[in-house]
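Guided by the hints, dock chain H onto chain W, whose structure is given.
Protein chains in written order, with numbering that gives the first Met the number 0: chain W, 0 to 122; chain H, 0 to 122.
Where hints are given, some of them may not hold.
Since copy identity is lost for identical chains, a pair holds within one copy or between any two.
[Claimed, not checked] Within a straight-line C-alpha distance of at most 25 Å, the following computed SDA-like cross-link-like pairs (lysine to any residue) qualify: (1) K95 x G72; (2) K95 x G108; (3) K95 x E37; (4) K95 x A106; (5) K50 x D3; (6) K40 x M0; (7) K95 x D30; (8) K40 x F17; (9) K95 x M0; (10) K95 x G75; (11) K95 x A45; (12) K40 x I66; (13) K50 x P2; (14) K40 x V10; (15) K95 x V10.
In case anyone wonders, no lab produced these hints; they're calculated from the structure. All figures in this text were calculated on a predicted structure; none of them were measured in a lab.
There are 2 protein chains.
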Amino acid sequence: MDPDAVARAFVEHYYCTFDTNRAALGGLYQDNSMLSFEGAKTQGTAAISEKLTGLPFQQCQHNISTIDCQPSGLAGGVLVFVSGSLQLSGEQHALKFSQMFHLIPTAQGSFYVLNDIFRLNYA
Amino acid sequence: MDPDAVARAFVEHYYCTFDTNRAALGGLYQDNSMLSFEGAKTQGTAAISEKLTGLPFQQCQHNISTIDCQPSGLAGGVLVFVSGSLQLSGEQHALKFSQMFHLIPTAQGSFYVLNDIFRLNYA
Numbered sequence: 000m001d002p003d004a005v006a007r008a009f010v011e012h013y014y015c016t017f018d019t020n021r022a023a024l025g026g027l028y029q030d031n032s033m034l035s036f037e038g039a040k041t042q043g044t045a046a047i048s049e050k051l052t053g054l055p056f057q058q059c060q061h062n063i064s065t066i067d068c069q070p071s072g073l074a075g076g077v078l079v080f081v082s083g084s085l086q087l088s089g090e091q092h093a094l095k096f097s098q099m100f101h102l103i104p105t106a107q108g109s110f111y112v113l114n115d116i117f118r119l120n121y122a
Numbered sequence: 000m001d002p003d004a005v006a007r008a009f010v011e012h013y014y015c016t017f018d019t020n021r022a023a024l025g026g027l028y029q030d031n032s033m034l035s036f037e038g039a040k041t042q043g044t045a046a047i048s049e050k051l052t053g054l055p056f057q058q059c060q061h062n063i064s065t066i067d068c069q070p071s072g073l074a075g076g077v078l079v080f081v082s083g084s085l086q087l088s089g090e091q092h093a094l095k096f097s098q099m100f101h102l103i104p105t106a107q108g109s110f111y112v113l114n115d116i117f118r119l120n121y122a
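Isolated chain W (complex conformation):
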């Protein structure tokens, strides 16, 4: 497994899904998954899916600036660190953000998100 290839493919899939079909993001998490979104923690597929679909904006577009990744030490696990900007529909300025994911291999040969931490970078 090439962690860089896993990270790039995941990042493309995640933000494309976020921007076009946010309700489908729930499928990337499992019941032991945790999301920290701007300091608010939620755990488990249902709660995370509810948090993401309930965010107070509809149309958005993520633009990715950097992707870093490292093996996490957990068998086959990959840490992915992303920076980029988030353009909300109707807003003049894009918001800068940083986000990290801890990806864990599944029995089906794919990955799920065990850890997800998101922060806006206020200028």
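What follows is chain H alone, placed relative to chain W:
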């Protein structure tokens, strides 16, 4: 173990050491540790210590804005996600940064840094 307490104590110790005695940071890493600094990867105590002490600035001051943490799934491991700003001596403007650490318990009851990813957030 309270991951929030571990994260806060680590962050305070790490950036205080960085700002006052950078050469001592090497003691926080082990030979399987990885550092990605602005996209450049190094591995192992010696290489990471050399990278950090060789950064092209001397006096600096980190100011921390946010600390997020989650259990990493690796026995006792903690993921720490930090945002803040870095003031370099003689520079007018502070640089915004984001950084993540994966902390692993040691046999001595402390933690070492297995994963470290650092990025400046360009405005």
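Each hint tested on the structure:
With identical chains, the CA atoms of K95 and G72 are never at most 25 Å apart, being 29 Å at best within one copy and 28 Å at best between copies. With identical chains, the CA atoms of K95 and G108 are never at most 25 Å apart, being 33 Å at best within one copy and 38 Å at best between copies. In this assembly of identical chains, K95 and E37 lie within 25 Å of each other by CA distance both inside one copy and across copies; the values are 13 Å within and 17 Å between. Taking the shortest Cα distances, K95 and A106 never come within 25 Å of each other, neither inside one copy (35 Å) nor across copies (39 Å).
For the homomeric pair K50 and D3, the shortest alpha-carbon distance between copies (22 Å) is at most 25 Å, but the shortest distance inside one copy (28 Å) is not. Only between protomers do K40 and M0 lie at most 25 Å apart by alpha-carbon distance; the minimum there is 18 Å, versus 31 Å within a single protomer. Taking the closest pair of Cα atoms, K95 and D30 never come within 25 Å of each other, the shortest separation being 29 Å inside a single copy and 34 Å across copies. In the homo-oligomer, the alpha carbons of K40 and F17 lie at most 25 Å apart inside one protomer (19 Å), although the nearest pairing across protomers, at 29 Å, exceeds that limit.
For the homomeric pair K95 and M0, neither the shortest alpha-carbon distance inside one copy (31 Å) nor that between copies (33 Å) is at most 25 Å. Taking CA atoms no more than 25 Å apart as the test, K95 paired with G75 passes in neither setting, with 30 Å inside one copy and 32 Å between copies. In this assembly of identical chains, the alpha carbons of K95 and A45 never lie at most 25 Å apart, being 27 Å within a copy and 34 Å across copies at closest. Both within a single protomer and between protomers do K40 and I66 lie at most 25 Å apart by alpha-carbon distance, with minima of 23 Å and 13 Å respectively.
In this homomeric assembly, K50 and P2 come within 25 Å of each other (Cα to Cα) only across copies, at 23 Å, whereas the closest approach inside a single copy is 28 Å. Both within a single protomer and between protomers do K40 and V10 lie at most 25 Å apart by alpha-carbon distance, with minima of 21 Å and 20 Å respectively. In this assembly of identical chains, K95 and V10 lie within 25 Å of each other by CA distance both inside one copy and across copies; the values are 16 Å within and 23 Å between.
Figure legend: structure checked against the earlier numbered hints; hints not met, in rising order: 1, 2, 4, 7, 9, 10 and 11.
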